[in-house]
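**Q** Use the sequences and the hints to build the structure in full.
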Amino acid sequence: LNELRKRHNIILVTNDHVETLTEMADNTITVSAINRTVVKVNDMEGVDRQRAIFALSLGDDYQYNSSSEDLKFFAQTEIM
1 LNELRKRHNI
11 ILVTNDHVET
21 LTEMADNTIT
31 VSAINRTVVK
41 VNDMEGVDRQ
51 RAIFALSLGD
61 DYQYNSSSED
71 LKFFAQTEIM
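Under the working numbering, the letters of the sequence shown match residues 1 to 80, in that order.
Note that these hints are calculated values from the structure, not bench results. Please note that the accuracy of each hint is not assured.
[Stated by the list, open to error] Mimicking EDC-like on lysine to aspartate or glutamate, the simulated pairs with C-alpha atoms at most 20 Å apart in a straight line are:
| no. | residue 1 | residue 2 |
| --- | --- | --- |
| 1 | 40 | 26 |
| 2 | 40 | 19 |
| 3 | 40 | 78 |
**A** Right, here's the structure in full:
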């Protein structure tokens, strides 16, 4: 887990490892399965999802564009 932490800025965590990785993390973002328009950043509830994405982006030219890959990832992660 520490090797992943060194190489990656963001790690998607499934329910199996939430507690361990939350303890290791510098910051956490929690996304509700019911309302995906807002997220929880550390202890701050109700943060606009788009604002959180911008805060994590690199550079001034970041522009979020959803894609079929996003939908496929969501389906594989949340539905299957």
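**Q** Hint by hint, which ones does this structure get wrong, listed from lowest number up?
**A** none
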